[in-house]
Each structure stands twice: as C-alpha cells, then as structure tokens.
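Residues per chain, in single letters:
There are 2 protein chains.
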Amino acid sequence: MSITAPQGFTAAGIAAGIKSSGNRTSPPKDLAVVHNVGPHFRVAGVFTRNRVQAAPVKWSRQAVSDGELAAVVLNSGGANACTGADGLADAARMAAATAAHIHVPADDVAVCSTGLIGIRLPMEKVLAGIDDACEALDGDGDADAATAIMTTDSVPKMALRTASGWSIGGMAKGAGMLAPGLATMLVVLTTDADVSSDQLDGSLREACRLSFDRADSDGCMSTNDTVLLLANGASGVTPTPEEFDGALTALCQDLARQLIADAEGAHHEIRIEVVGAAYEEDAELVGREIARSNLFKCAVFGQDPNWGRVLSAIGVTDADFEPDMLDVSFNGVQVCRGGQIGEDRALVDLSGRHVHVLVDLHAGDHTATILTNDLTYDYVKENAEYSS
Amino acid sequence: MSITAPQGFTAAGIAAGIKSSGNRTSPPKDLAVVHNVGPHFRVAGVFTRNRVQAAPVKWSRQAVSDGELAAVVLNSGGANACTGADGLADAARMAAATAAHIHVPADDVAVCSTGLIGIRLPMEKVLAGIDDACEALDGDGDADAATAIMTTDSVPKMALRTASGWSIGGMAKGAGMLAPGLATMLVVLTTDADVSSDQLDGSLREACRLSFDRADSDGCMSTNDTVLLLANGASGVTPTPEEFDGALTALCQDLARQLIADAEGAHHEIRIEVVGAAYEEDAELVGREIARSNLFKCAVFGQDPNWGRVLSAIGVTDADFEPDMLDVSFNGVQVCRGGQIGEDRALVDLSGRHVHVLVDLHAGDHTATILTNDLTYDYVKENAEYSS
Numbered sequence: 001m002s003i004t005a006p007q008g009f010t011a012a013g014i015a016a017g018i019k020s021s022g023n024r025t026s027p028p029k030d031l032a033v034v035h036n037v038g039p040h041f042r043v044a045g046v047f048t049r050n051r052v053q054a055a056p057v058k059w060s061r062q063a064v065s066d067g068e069l070a071a072v073v074l075n076s077g078g079a080n081a082c083t084g085a086d087g088l089a090d091a092a093r094m095a096a097a098t099a100a101h102i103h104v105p106a107d108d109v110a111v112c113s114t115g116l117i118g119i120r121l122p123m124e125k126v127l128a129g130i131d132d133a134c135e136a137l138d139g140d141g142d143a144d145a146a147t148a149i150m151t152t153d154s155v156p157k158m159a160l161r162t163a164s165g166w167s168i169g170g171m172a173k174g175a176g177m178l179a180p181g182l183a184t185m186l187v188v189l190t191t192d193a194d195v196s197s198d199q200l201d202g203s204l205r206e207a208c209r210l211s212f213d214r215a216d217s218d219g220c221m222s223t224n225d226t227v228l229l230l231a232n233g234a235s236g237v238t239p240t241p242e243e244f245d246g247a248l249t250a251l252c253q254d255l256a257r258q259l260i261a262d263a264e265g266a267h268h269e270i271r272i273e274v275v276g277a278a279y280e281e282d283a284e285l286v287g288r289e290i291a292r293s294n295l296f297k298c299a300v301f302g303q304d305p306n307w308g309r310v311l312s313a314i315g316v317t318d319a320d321f322e323p324d325m326l327d328v329s330f331n332g333v334q335v336c337r338g339g340q341i342g343e344d345r346a347l348v349d350l351s352g353r354h355v356h357v358l359v360d361l362h363a364g365d366h367t368a369t370i371l372t373n374d375l376t377y378d379y380v381k382e383n384a385e386y387s388s
Numbered sequence: 001m002s003i004t005a006p007q008g009f010t011a012a013g014i015a016a017g018i019k020s021s022g023n024r025t026s027p028p029k030d031l032a033v034v035h036n037v038g039p040h041f042r043v044a045g046v047f048t049r050n051r052v053q054a055a056p057v058k059w060s061r062q063a064v065s066d067g068e069l070a071a072v073v074l075n076s077g078g079a080n081a082c083t084g085a086d087g088l089a090d091a092a093r094m095a096a097a098t099a100a101h102i103h104v105p106a107d108d109v110a111v112c113s114t115g116l117i118g119i120r121l122p123m124e125k126v127l128a129g130i131d132d133a134c135e136a137l138d139g140d141g142d143a144d145a146a147t148a149i150m151t152t153d154s155v156p157k158m159a160l161r162t163a164s165g166w167s168i169g170g171m172a173k174g175a176g177m178l179a180p181g182l183a184t185m186l187v188v189l190t191t192d193a194d195v196s197s198d199q200l201d202g203s204l205r206e207a208c209r210l211s212f213d214r215a216d217s218d219g220c221m222s223t224n225d226t227v228l229l230l231a232n233g234a235s236g237v238t239p240t241p242e243e244f245d246g247a248l249t250a251l252c253q254d255l256a257r258q259l260i261a262d263a264e265g266a267h268h269e270i271r272i273e274v275v276g277a278a279y280e281e282d283a284e285l286v287g288r289e290i291a292r293s294n295l296f297k298c299a300v301f302g303q304d305p306n307w308g309r310v311l312s313a314i315g316v317t318d319a320d321f322e323p324d325m326l327d328v329s330f331n332g333v334q335v336c337r338g339g340q341i342g343e344d345r346a347l348v349d350l351s352g353r354h355v356h357v358l359v360d361l362h363a364g365d366h367t368a369t370i371l372t373n374d375l376t377y378d379y380v381k382e383n384a385e386y387s388s
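Heads up: the protein sequence lines correspond to chains A and B, in order. Under this note's numbering, the first residue of the first sequence is numbered 1, with each subsequent residue one higher. Under this note's numbering, the first residue of the second sequence is numbered 1, with each subsequent residue one higher.
Since the hints were derived computationally from the structure, they do not count as laboratory data. Be a bit skeptical, because a hint or two may be false.
Simulated DEER-style distance windows between Cβ atoms [stated by the list, open to error]: (1) ASP318/B with ASP86/A: 25 to 35 Å; (2) ARG49/B with VAL155/A: 22 to 32 Å; (3) ALA163/B with ASP349/A: 52 to 62 Å; (4) ASP320/B with GLY236/A: 32 to 42 Å; (5) ALA163/B with LEU116/A: 50 to 60 Å; (6) VAL155/B with ASP344/A: 28 to 38 Å; (7) ASP318/B with LEU88/A: 21 to 31 Å; (8) GLU280/B with VAL37/A: 18 to 28 Å; (9) ASP324/B with GLU281/A: 31 to 41 Å; (10) ALA85/A with GLU273/B: 48 to 58 Å; (11) GLU243/B with ASN331/A: 55 to 65 Å; (12) ASP324/B with LEU116/A: 17 to 27 Å.
Yeah, the Cβ is synthetic: ideal placement off N, Cα and C, and Gly gets one too.
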C-alpha cells in the first residue's frame, strides 16, 4: 500500500508499448496515472536543479505553480529530454489527454518521464496508453503505477506512513544518475491530510533536503528529477505542522533508502555519517565529497577500509577542520584517529551489504548523513551498455 | 633522455626493498635521487591543494621556500601521508641522509613519496637505499629514476625539449588519484637554462595550470602531489621568457598526456575540448564536469556517444550558456545540435583508443581542453584490490 492508501486517490500502471523490455512484467508496464479525486487539489513540487531540463519538467513546473493539481501522468522508456519544442508539445499533449479523461484543464496535470535522453516519445502509443490507464484508475492501482515507472530499477519503491485519521503514501523510481539536487528520480507523494498549499511547499522542500538530496549514488544530476506532493484533505484531519513534517520526512527518507538500496550495480549500501561539524552544510559537504570519491567507492567494493581515501576526499573541501584532528571509523572500528593510523584495519568486516562510515571533524556539534553505494563491475556494465 | 639531459644534473634509481613488487623490475626499483650539481641551485615548486598533506609535502614546501634546492629524494612503496609527527621526522631524515652525501644543508633537499596512505616507511631500508642511490648518481640515471617512482604506472614517463644551447627534461609518475590541483603525481623537471628564481615560479605555475591541472582521470586529488623545477644555468644561455615558457608548457603537456594515457584501467583516452565559452574558467569548468561524470565515462567505455550524459553534466555548472544552443560532437560527428538530436549517433566510431569530444557553448571565444579517460572494469578492479 502506498499512494492509493490515503483516501481520495486512484492510480493505474499499464503497458503502452513504449518500451520492449524491463521491470519484470511482460509486456512491460511503462505508463502510469495518479488521480487526486479531491475534495482539495493542493500540490507542491520540487524539480531538478540541472539547467538542462527535460520537457516534462518545464511543463510540470508551470502546472504546479498555482498550487493546484488533479493528476500526474508518468512514463518510462524515454526521458523526453533535449527534444526541443516538439518534445515540449509532446508533454503538453500527454497532459491534455489525461486531463480530458478526468474533466480538468490540461494545466492541472503534471507530466513525468524517465528513460534515455535525446529521443522523441512514440506519441501514438503514449496517447493510447493514457486512454487505457485512465480507464484502469483504481484505489488499488499503486503497485502497478510504481512498477510502470521503473527503468533500471530492480524493484518498485513504495512507502506509507499512517497517523491518527490520515496517512501519506509515496512511490519512487531511480537507480542511476542518482545524485543531489534530487536523483534521476521521479517521486509522487499523496496525502489525505488537510494541509494548506503554503505549508505543503515548505514541508516538501525541507523533507527533500533531508532525504533525496542526501542520496548520492553516482554524483550525476538528472534532467528529469521531479518530486510531487498531492494533498486533498479527504480525511478532514489537519495534523500539527510537526506531525506532518515528521511523517513526510520519514516517508521520503524511507524512499531514499530504497533508491540507494537498489542503485545500479551496488554491492554495498554505504551510510556516511559526519559528526562534529561546525555547520550542517560542512557535514553535508564532507559526506558528499566522500560519497563521490571513486577510489573510496572501489575500496568498499573490495572490502577495504581505506581511510586514506576518506581523508584525501575530506581534504579537498573547505569545511572547518584540522587534518590532525580527524577520526574515521568503518563499521565501528576507528581505523583513523587524530588524522593518523588508529585501530587495526584487519578488525573491520566489510563483507556484509551495509557499511557505516563515521567521520568526526571535531569542529562543532552539527551532523549530516549521506547515503551512497560502492563502485562495482556491475555499475560499469549497466552504464556502458544502457543505451546500446 | 629526460632529467639528466640538461647539463649539470645526475640521477639514480635503485631497489631499496621498500616494496616487494611492481614496475616490472626485479627486485623493484623504489628509491630515486636527482642531484643538481650547479652552478646555480634555483627551484620552483607546486604542491597539492589537498588540505590533508603528506609529510614529504610539508617538508618540501619548506625546503623550496627560499628558492634554492640541490637535490630531490623520491620513493615509491609508501606515501608517508597521515603519519603524524613521526612521519614528518622520517621525511626530514630522508632529506638529511641525502644532504650528507652531497654536502649541503638538509633543507636544500626536497622529499617526494608515493604509495599507500597511512603507513610508516621502513626507514632502515630507506636510509640504506639513499646511500646506494647517492653512490650510483650518474649522468645516465634518468630512466632508472623514472622507473623507481612508479606505483601502478605501467610505463615510466619521461620527456625532453631541447632549444638553442639549453634543454629542459622531466619525469613523472601517476596513474590513479589523478585529478586537478595536480594528480597523484610526482614530477621533477630539470633545466640548464639560466632563468631567475622569480621567473621560474611564475612559469611553473602557468605551465601546471595548462597541463597537469587539466588532466582529470578520476576526480580524486592526492595528498602527495608535487612538481619541482630545478634550474642550474649550466648552459650559460638565458632564453627569452616566451621561449622558456613555451618549452616548459609543452614539456608539461607531454607528461600530462603520458599520465592520462597510462591511467589505471583506461581503455580510452578522452580529450574534451570546450569552445565558445564566455571565459576560460567556464570552458575549464564545463570540461571538468564532463570528465567527472561516471555515466559519461562508462558510456565511452561502452563505445556509446551518449550526448545526453554530456548535456546533463554541463547543466549542473554555472557557466554561461543557453541549453538550446549547445552543440556536442564525438570524433567529428555532431550528435547534438542546438541542445537537440543532431547527426545520427550510429555514424560515430568509438572503437579506437582516442576519443575527441567537442562542446560548443556558443557564449564567447574562450576554450580549454581537459584530458580524461573512461571508467572500466579494470579501473574498478585495480582500485578495489590496490591495498589488500
């Protein structure tokens, strides 16, 4: 149960024939619609910070700008990015076709696309698929929708948080080009809580900052990243801001963990926890620099607690720290203490899937945790072969 | 012929027993000395910008600060980084032992180390090796010295430029942790030109900016990078500044190309040429962002001219450009034109070792070229296994 668990939302995921393989269904599901049936149609959206933006991002940014949205149409099998004016027209036609079925204006429908950059979508199949999906809209359609947006994902990603009288659900896709400023990532969140549009926007931005923005699989920011939060107030319940923000952030962190757990070719899920930072920004910067070190990531793949590579990554940042104060632990063993050799690295066991790297900057009280994974043969293989 | 080709320089490279394997000699050479016999002892040095600096970097930065240097002692088999006060004492002992042989103060000797971070050097072997190397100093020792500083390098890197009556030679090592602000890289340059200390420093900084700083193999900046330029005026010739700078920059670019050609696991050497930039800094920024995209690098390994990944890398920079003006060519085929699909990507042949990516930002007249390579199974293998 995920996006259709909150009251007043339906969804569908169908096979439109946009792609010929993938996501373990046959024929593969590749088109989804999520419908908010009201009574309210509030929305907040966060989009990629990449300056090269796909057509659906340009469309959806406009669609959510008035704070109202009735539906989202999503496809895998093509990102509709770098497709020019024709691509933007295709995104508009997808919105209009969906809007016609649910009797709303086209600009009340957001569009999300994912797949290869630089190819046009097969619009005949897409439009026929939108007809099929709108007819299939259902209160149990969440798993089908989550499946239809998969690309190199090996499992659909769904999450749900329930509270007293209201709930919030989410689905996500993303397995590569997964980096800050959002991942290559499409996320739709739904809630029947009665929350104002103004609050929604601030809550979503903060939740993204503490979750998706701190998932950095391969340092590559996508052209299509989109997170949409739809709120219809169907429960009649207005949670406190703290209650709502807490549930929303926990939900997003759950989905972010699922994304990193399924990242392309990953053999290890790595949690880089930076403590003792003078500022939260420093902690995030240091964690991200480590997460982006290919040498560090290869070392973890090789089950090597190579703290020298951690220190050399920290050293290129302008965070507050003294090199001879740095402590680094791998899975609880402090292999570097005061910038020098600490406990015996042979004590570290990196044979399991989960790796915890703890860095203490000894410069303050702030912390941040970045999620990433190792760099493996399988990552290279998937990304050398993906578009050929 | 390289560093001992200019008059008044001798060198040696010997096996001190610091490491047990590597660089194709048996026992492996792992310690080198370069001696400037004068008449002048001018020097300029450029060091890693990493804030975590190895002991030999701390020592050598001080040693060259008075503009005079008589010798360099170098070892592979251990970086002497993150080794604290003891490590700094080890570097000082290496300098003092070398200085005693050639009858100069210890602070006229620079020290360079390369290898694994976070282990102490076996000083008994190192000091005995310094004795052997100093006794072997010879006007033909350049190849032995270049071999002794290899780590995962597969070939020694040497270069020479000769002019009317004077010459400039260089040796380099570096194959991984190869990134801006210098690579994991040790470089010693020698010249018998009669050039003032003041001019040497400016010339070396500019030459590094246009060569080593634009070689970005894996985005990882090392703790040990050092470039030293020794000038003894033995030729009695004072070249014009333009003549000297031209030869020095060409020499450094030659060595930088050799480093990228031999980078760990590389199957392709990639030259990313950015033109049409509003500023040279923009061109360099864009080139470097592309060079650091793992997705782009995997695509080249897979012989896929994936211009979408190039555009998504450009899009995260703050360089001056309009997304719908970008042109991208792979080996002469303009697969992206005006930010959209251009010529047929099937026309691109990436089966050869050399790949030329040309990006036109259409925002001005400035250019920069970044050298990098692809991300391969072999890179992952070397860096997963390196320290275990």
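When the hints from earlier in the document are held up against this structure, which numbers fail? 2, 4, 8 and 10
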